[in-house]
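**Student:** Read off the chains here:
Protein chains: 2
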Amino acid sequence: MNEHVDLKRRYLLAGTAAATGLIASGIRVHAQDNPLPASVDWKDPEAMIVHSNNTLETRRDAFGTSLITPEDRLYIRNNVSPPDASILDDRDAWEVAIEGVAEPRTLTVGELKTMGVDTVTMVLQCSGNGRAYFEHEPSGTPWQVGASGNVMWTGVPLRKVVEALGGAADGAAYVTGTGGETIPEGLEANDVLVERSVPVDVLDTILLAWDLNGEPISLAHGGPLRMIVPGFTGVNNVKYVKTVALTAEESPAAIQQTRYRLQPVGESGGPEHPSVWQMNVKSFVTAPLESASAGMVQVTGVAFGGINAVDSVEVSVDGGETWEAAEFIGPDMGRYAWRTFALSAELAAGTHMIVSRATDSEGNVQPEEFEPNDPGYNHNGWRAHGVEVTVG
Amino acid sequence: MNEHVDLKRRYLLAGTAAATGLIASGIRVHAQDNPLPASVDWKDPEAMIVHSNNTLETRRDAFGTSLITPEDRLYIRNNVSPPDASILDDRDAWEVAIEGVAEPRTLTVGELKTMGVDTVTMVLQCSGNGRAYFEHEPSGTPWQVGASGNVMWTGVPLRKVVEALGGAADGAAYVTGTGGETIPEGLEANDVLVERSVPVDVLDTILLAWDLNGEPISLAHGGPLRMIVPGFTGVNNVKYVKTVALTAEESPAAIQQTRYRLQPVGESGGPEHPSVWQMNVKSFVTAPLESASAGMVQVTGVAFGGINAVDSVEVSVDGGETWEAAEFIGPDMGRYAWRTFALSAELAAGTHMIVSRATDSEGNVQPEEFEPNDPGYNHNGWRAHGVEVTVG
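So the sequence lines, in the order shown, correspond to chains E and S.
For what it's worth, the numbering used here labels the leading residue of the first sequence as 1, then goes sequentially.
For what it's worth, the numbering used here labels the leading residue of the second sequence as 1, then goes sequentially.
Chain E with its partners taken away, still in its complex shape:
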């Protein structure tokens, strides 16, 4: 291995090293009890599974009934090490270049804050959430359900910024965000750069956000400024965003061209394969997870539609033989948010496989099995996400 590759390997954070005990057939996966990384020692240690310094997921039993995932329980996945924390010293001074508009300009966060403000509640979910449930054992972090959370972002609508700068230049087909991570010397920028392009038709939903759950965004989650693309997987929500460009083409960065592609198992990713963009409909049970007392039980979980609103969810306590409609409880926080569901079920002593199956507003239903892709993205098959509960 030459020095270049070795450096790259160390720089691009591997997520798999810390995970142990993967059972490919699904249901149960344990990561070893790693301590919290020093950089995020403010996370709730009881709530997190630490796969590596830059890959932490929320334990399934830590979602509780909250409709909002607190920042100290929210998963972390960084493709590249974050910039130095000093970028948060003066948040309002952070600069973002707006390109591909009639009057390109660099704006500070302080300026953005005067231009408009909106809040969106949305599921933030890693593209690889559920990877542990693929049977072909893809490389990458074996996320179970907890590389996801329901969070609130506050910032300026990108639409207002584009309008203030004279509107989009001709030929804009993508919104391309560039992250502020440092490119180490000796590496090709396009190999490392976190630069993602999403179709321009979602421009009106994008926020340039400075607050997460009402407080300034932490470094781990992309502060001082993050490009938020509701309904799109985590990687498309570019952290420390330093350039937002309306572009005719997708970014040439590897993270856009060859990574985060849905190629068949055994193939390498490339522009000919679909990009990992919009999320699909999904749900999972959050209680009970292991055991319960015989009799009446409240089965609870979360459900979301991804790019669409979630419409309904059914629960089965017999592994999918029979289904009952669950009720959504608590407020509907909008199209991109998840909802909590509950079903009263009478459980007899024995073993029960509890599964849930959501339907979105377009009639898309979670499939029983999910067609695998090589890198292990977008898993929403209901059977693999089920839980086996011992009732006594």
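Among the hints, erroneous ones may be present.
Some chain S residues judged to face chain E by a derived CB distance under 8 Å, without partners named [claimed, not checked]:
1) THR114
2) GLY116
3) VAL297
4) GLY330
Anything over 10 Å on all C-beta distances counts as not near chain S; from chain E, calculated [stated by the list, open to error]:
5) PRO70
6) ALA169
7) GLY214
8) GLN257
9) THR359
10) GLU371
So the derived label-pair ranges between C-beta atoms look like this [as the list claims (entries may be wrong)]:
11) E:MET353 / S:ARG159: 26 to 34 Å
12) S:GLU324 / E:ASP170: 34 to 42 Å
13) S:ALA85 / E:GLU368: 42 to 50 Å
14) E:SER291 / S:ARG159: 26 to 34 Å
15) S:PRO199 / E:MET353: 42 to 50 Å
16) S:GLU103 / E:PRO35: 46 to 54 Å
17) S:GLU95 / E:LEU289: 25 to 33 Å
18) S:ASP90 / E:GLU371: 42 to 50 Å
19) E:GLU103 / S:GLY392: 23 to 31 Å
FYI, nobody ran anything at the bench for these hints, they're computed from the structure.
Backbone N, C-alpha and C fix where the C-beta goes; we use that ideal spot for every residue, glycine too.
Fit chain S to the supplied structure of chain E, relying on the hints for placement.
**Tutor:** Chain S only, in chain E's frame:
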């Protein structure tokens, strides 16, 4: 002063001792910088004004854009010292007696959790929030705007519990909740007891709640079980609830009979005066609060309807001479929740009095001035809640 009275005075926590610098004309009130009490040292010290060990409010600049007030920023007001923290050692073992039903029973929290589950987002607000803005200087904690928050409660609907126990007994006119605080020897129970009655016609909205913002309720906020009455002021949401009774009469406790009454200034409270129950429509600005740069500014705040949904809010940057409709931003979390509002305003250099005025779904509008009551409850006058901002 005899020993009885002295003990009572020490036991009933006074809220005024720590407050200094009250300016009766409104606008600015400073409490001295007291440290956080040891019992709630997990509160965010930057976010809180500490009036006393049992009266803490959220700073107006600490609400930010969050639609949910984190528990570590939520105000505290205890009428009586909480029970020993050991009551949280086994939360599911906490018992609540359900009375005034066909088949009265004592149920554990563990049993309640099997009977049903729902979540409500609501404004929790102390009856005396805004007391600092009354000109007659009522006794009691001089709350400004921060004895309020927007929080999520999860628990079992009381309706389901009552149904499971055979339904309400004949003649039920009130739901009466009794708190689990210890009554010290030498005191009359009815002088100290936290026992509140609310009209039975809101029974269907009541929750017996074990979670606050998705996590078990802290002792300070009423865990392990709190009776939640959406749209009613804080005192009606009985902490450590140990009895819930459907009763023909209101509680004989002083907190129901003579306190929390809306008597005219200078009079003592009694059953002939209206009880402090449903909250009224209200809003306040949260930014900018002191200064801003000339030019475009985003004026933000929160608005709620109390017992009703909030319908709209207007903002004036000239002390009420002219008004503009603000926009609600972020999700509508239901009838009892607050909404965040924003207005883009062009501010010239100088001093601006920024005020907001909300209207609820029934057409009730915040008044310019609020008719005072002796104890200083329910203030929702828009002028007194305004902020003076220096623009330069």
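**Student:** Taking the hints in turn, state whether each one holds.
**Tutor:** Structure-based check of each hint:
1. THR114: With Cβ-Cβ at 5 Å, under 8 Å, it holds.
2. GLY116: Given a least distance of 7 Å, the restraint on GLY116 of chain S holds.
3. VAL297: holds (6 Å)
4. GLY330: holds (3 Å)
5. PRO70: Check fails; 7 Å does not lie beyond 10 Å.
6. ALA169: holds (24 Å)
7. GLY214: violated (2 Å)
8. GLN257: holds (36 Å)
9. THR359: holds (21 Å)
10. GLU371: Non-interface label stands for GLU371 of chain E: nearest chain S Cβ at 33 Å, farther than 10 Å.
11. E:MET353 / S:ARG159: 26 to 34 Å: Since the Cβ atoms of MET353 of chain E and ARG159 of chain S sit about 32 Å apart, the hinted range of 26 to 34 Å holds.
12. S:GLU324 / E:ASP170: 34 to 42 Å: About 35 Å separates the Cβ atoms of GLU324 of chain S and ASP170 of chain E, which means 34 to 42 Å holds.
13. S:ALA85 / E:GLU368: 42 to 50 Å: Distance hint for ALA85 of chain S, GLU368 of chain E holds at roughly 47 Å.
14. E:SER291 / S:ARG159: 26 to 34 Å: holds (29 Å)
15. S:PRO199 / E:MET353: 42 to 50 Å: Once the Cβ atoms are compared, 46 Å apart, the range 42 to 50 Å for MET353 of chain E and PRO199 of chain S holds.
16. S:GLU103 / E:PRO35: 46 to 54 Å: Holds: the Cβ-Cβ distance is about 51 Å, inside 46 to 54 Å.
17. S:GLU95 / E:LEU289: 25 to 33 Å: At 26 Å between Cβs, range holds.
18. S:ASP90 / E:GLU371: 42 to 50 Å: For ASP90 of chain S and GLU371 of chain E the Cβ distance comes to about 47 Å; the hint holds.
19. E:GLU103 / S:GLY392: 23 to 31 Å: holds (27 Å)
Of the numbered hints listed earlier, those contradicted by the structure are 5, 7.
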